[in-house]
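Each protein sequence line maps, in turn, to chains A and B.
Counting in UniProt numbering, the first sequence runs from 1 upward without gaps.
Counting in UniProt numbering, the second sequence runs from 1 upward without gaps.
In short, the hints are calculated from the structure, not lab data.
There is no bait here: all hints are sound.
Note: identical chains are not told apart, hence a pair may lie in one copy or across any two.
Cross-link-like lysine to aspartate or glutamate pairs, in silico, DMTMM-like; alpha carbons within 25 Å at most: (1) 186 x 267; (2) 42 x 225; (3) 42 x 361; (4) 367 x 312; (5) 152 x 225; (6) 186 x 457.
2 protein chains.
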Amino acid sequence: MEELKKYVSVKDEDRFYHQGAVELLVFNFLLILTILTIWLFKNHRFRFLHETGGAMLYGLVMGLIIRYATKASDVESGTVYECEKLTSGPPTLLINITNQVYEYQYKREISHHNVNGHQGNAMLQKMTFDLSIFFNILLPPIIFHAGYSLKKRHFFRNLGSILTYAFLGTAISCIVIGLITYGFVKAMVHIGQLKGWEFHFTDCLFFGSLMSATDPVTVLAIFHELHVDTDLYTLLFGESVLNDAVAIVLTYSISIYSPKENPNAFDAAAFFQSVGNFLGIFAGSFAMGSSYAVVTALISFTHLTKFTKLCEFPMLETGLFFLLSWSAFLSAEAAGLTGIVAVLFCGVTQAHYTYNNLSPDSKMRTKQLFEFMNFLAENVIFCYMGLALFTFQNHIFNPLFIFGGFVAVFVARACNIYPLSFLLNLGRKQKIPRNFQHMMMFSGLRGAIAFALAIRDTESQPKQMMFTTALLIVFFTVWVFGGGTTPMLTWLQIRVGVDPDEDLKAEATSQSASNLDKNTTKAESAWLFRIWYGFDHKYLKPILTHTGPPLTTTLPEWCNPVARLLTSPSAYGDQLKDDDTDYIINNDELTENYESSAHIPVQDRTGSTQATGKEDIHEGDLGLGGYKLQLEHTAGQPQINSLA
Amino acid sequence: MEELKKYVSVKDEDRFYHQGAVELLVFNFLLILTILTIWLFKNHRFRFLHETGGAMLYGLVMGLIIRYATKASDVESGTVYECEKLTSGPPTLLINITNQVYEYQYKREISHHNVNGHQGNAMLQKMTFDLSIFFNILLPPIIFHAGYSLKKRHFFRNLGSILTYAFLGTAISCIVIGLITYGFVKAMVHIGQLKGWEFHFTDCLFFGSLMSATDPVTVLAIFHELHVDTDLYTLLFGESVLNDAVAIVLTYSISIYSPKENPNAFDAAAFFQSVGNFLGIFAGSFAMGSSYAVVTALISFTHLTKFTKLCEFPMLETGLFFLLSWSAFLSAEAAGLTGIVAVLFCGVTQAHYTYNNLSPDSKMRTKQLFEFMNFLAENVIFCYMGLALFTFQNHIFNPLFIFGGFVAVFVARACNIYPLSFLLNLGRKQKIPRNFQHMMMFSGLRGAIAFALAIRDTESQPKQMMFTTALLIVFFTVWVFGGGTTPMLTWLQIRVGVDPDEDLKAEATSQSASNLDKNTTKAESAWLFRIWYGFDHKYLKPILTHTGPPLTTTLPEWCNPVARLLTSPSAYGDQLKDDDTDYIINNDELTENYESSAHIPVQDRTGSTQATGKEDIHEGDLGLGGYKLQLEHTAGQPQINSLA
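Please take these sequences and the hints and turn them into a complete structure.
What follows is the structure in structure tokens.
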């Protein structure tokens, strides 16, 4: 085939350890630089570069250096060897080279057109780390943290809107992006750019679905720092978290959509199968995630008489919490479901139930642990994205497709936000004002999930072109939109400096700052919320946590023996009141875990009821038959429930 | 060569993600099981199985299952293919198999005699995870935690003894084990068991050095739980931590010992080169580790007027602390030094300087983070050790060598502890009693480091036999000695239930419980300690932390301009007193970070001076020329420094 080449000897096994160390050191170095830069920026109150943007920038520079500074020193490979004896690639290959046996591990299948692209630069190869690390180790803590730190109260108040944006919005976005890029692809075919490529409408839809995952981590960080209006924050946060889940499952469903005949024609059977897949995978992942959380809640709740509670061993408790949450992700992946969706709902459920059972020590440990892991993983991922622009070997930069991609993404975002906001405002009593809509439109950043979905499959040429385009869109949105958040907030006259605790109370006294319609407010999707809340408060909370009324009072009388068995002994005593207060405190404490300032949650809660005057469901308003202590608890606060 | 074989298709790339998930899930499952078991055991106050022992047991069972339950389903490989075109193994190999290109990654070189041992069981292959993960990710947090949680005061009080055990003891242990196993090897050669093997005395010394790393994690956990005498605890902890470092560098020095001519003859030049290597690597790693810690201390201490301090951003601070500490390890590895030694001394230095500069939030975060990482990593490693017995492919069980190994390890431990204790007792005023010596002898468990050193090189047959033997010794010592700790403590009548805070105070009032010689106590190595302490207190502490006297008072007058520049502005004000009290609190708080009970450090500290009546150097006794506040600070406490 080709002449023999001399390769760097790889005899010294130690070299490999050291190389592993060098790679990690490069990442460490980039992260240290990022942290120092951010510190500098924070000192000067520069808000145009968030740490994720910084990490990406440094990654980019490092990628450039690795690409062009280390190239000369390495030998070029790219030689393909024949092996007629094999019919398929085995996981491990033993090769006899000059009387010495070497073991090789299967890495991947390569299309012929990618072979020449291989640079054989060892450093470059090493820096493009294993995708399984990316998916199994870096992503789960970020997603879990998002679920675990969800501002539950605000989230549920806006549940209807969030679900609409997440499900309907993602579907719209996917279809619009798909259609626009398909138009561009047709144009490219027309001018003869894509000769010999297979590029179907499903590929465009695939691109559409992966580009629909928004990741406004930068925006939300700035919102948080500036204390932007909580409702806007919640809408954006809720939307982005859920639409990641939707986009991931959608992408998977589209990638396994296989029409029988003409791949461009519509195949109803295959389409409905994909829809079925979507629903099945989503529901399955949801169930997997929540059930792990429920198991954790049950274990941490165990109150067998002979047993000391797990919460007396904070380390074991934290360990178990961590491992079970991670297992939710891994089990879902292993079962062919979507781990990210599972771990998201696991996080939400853990925060809702298990968190209440943890010891104070573990509460803080878990919060801080996941916060830290989120911080690190996020920066590593953004750093890696920066690196990928130069270290990924098979980029296909097609200006027309890139232009098409950008157009499609912005149009799709507009088609998602404005029409849906209009529809939602028909039903919502508390309208989503125009400036909020513009801000949501502007906050459609693409980040880790879009990148992750794009890099997962880069085998064919269309997929490589999509990956390149996705990467550029991520860069642009994170830097430009992320950096433009503060000016945009000013320009749109969105209220900042809202103390989350004072937020809604302030709204009641000074109506000038915000143009929300407050007098006719009524929690949207209140009926859905009410049903769920009642069930949760009456049955699930008492079974899974120490809070809520004793089951004996909520279950029908004939269930009493079972109820007594399931109820925590402590739920009967005078601990009741404390528990509930505790719950409220925890509830707020958890959701505001970035805050260091002290706050008075009970007052806040009542304050919110005062302020909006809406039928905000009160801890204890529902299903509290024989639960008289609750009244005492809220009695101290003035009640101005205007509509209730 | 051989006929074609059908292999499992590896086309579906997703399969690989899922498999990564399955592996991790297996480990998670084992760890969850371990935690639940330990919880159960703690409830019943069983102390015969520590979590590490439990993790190892479950790993063993899982290894058994993977080995024998999944074997049938997999295809057997072990076929060696010829490739005449290559002269050396390239890092990446592209192979054309039935017109499809596959990429293979270099894994390792295999000796011919190991080829047949390969089972080709994919699950088995996957479970024997990458050694670079083991070394770069799992080991550093354990070692760092050991350094970070060192009980500094007790450690320095016993510094002389600890250094003697660690350096001299490890050397003795290495030589004794080497000699005894060499005897056994000679016998094995005599009866014809090792035909065709190359087995030199240096190989035996290699085995001796790796088996000299003691890891009494189980014993120390039980000591801690039972509150065993602090001096015994410190001696064992200090010895094991330092002797790991010594053993690692020793092993490396021996492995690169290369006599020019006859490998069995003594080559003075090569020997001294090895000694030089040892000293160079040890000193280099020490310097690397401490300098990273000093950099961290300086960054966290920065007090430029324009800058807000880093400690106002606890997340950035924790992140930087974590990354710089890990970088110490990685840099040392990348530079060809010993990362574990570097990260150990980095931990000690971080605890000594940086810890004082951290915000209260970060103090807790870092402590809890490393405690948690230590917990997880330790259990993963022990779990992996259990697995390795069945998943490692090339075990060589040689009963005679195993017997020899056991004998050698016990004899060497005895030759280390008893003679050295005797010598130390000649110099020590506070003797090491016989029952302490027996307990130290008994606590010579082998663990993670011995395993890590043994698995690092398993290419030749002698090394494989050593690995197998080392693994069995680890199992035996962890289970039998670890489990026997509590009975042994009772049998040796060693005092338990000592409150660390009350410890030395109690000693003064009731002399019955311990047979330490108290009236003639004088801190051993006091002179060494004094010199270091004075320098540290006068110059290093003021430069690197907020504590200690202002540099202007400790440096000669002509240095005043420099001193003023380097001294923290806060060191001049009335904050001084608080700072110093703070330091003392931190000092104790850190060293007792497993304790949850409240304690009164100032009293404790004075208590200790009262109790032992030794020349324990007081915070403020040294070099405090113009530092009058210090006197006020200690004036409130009764001073009974009998000898000072």
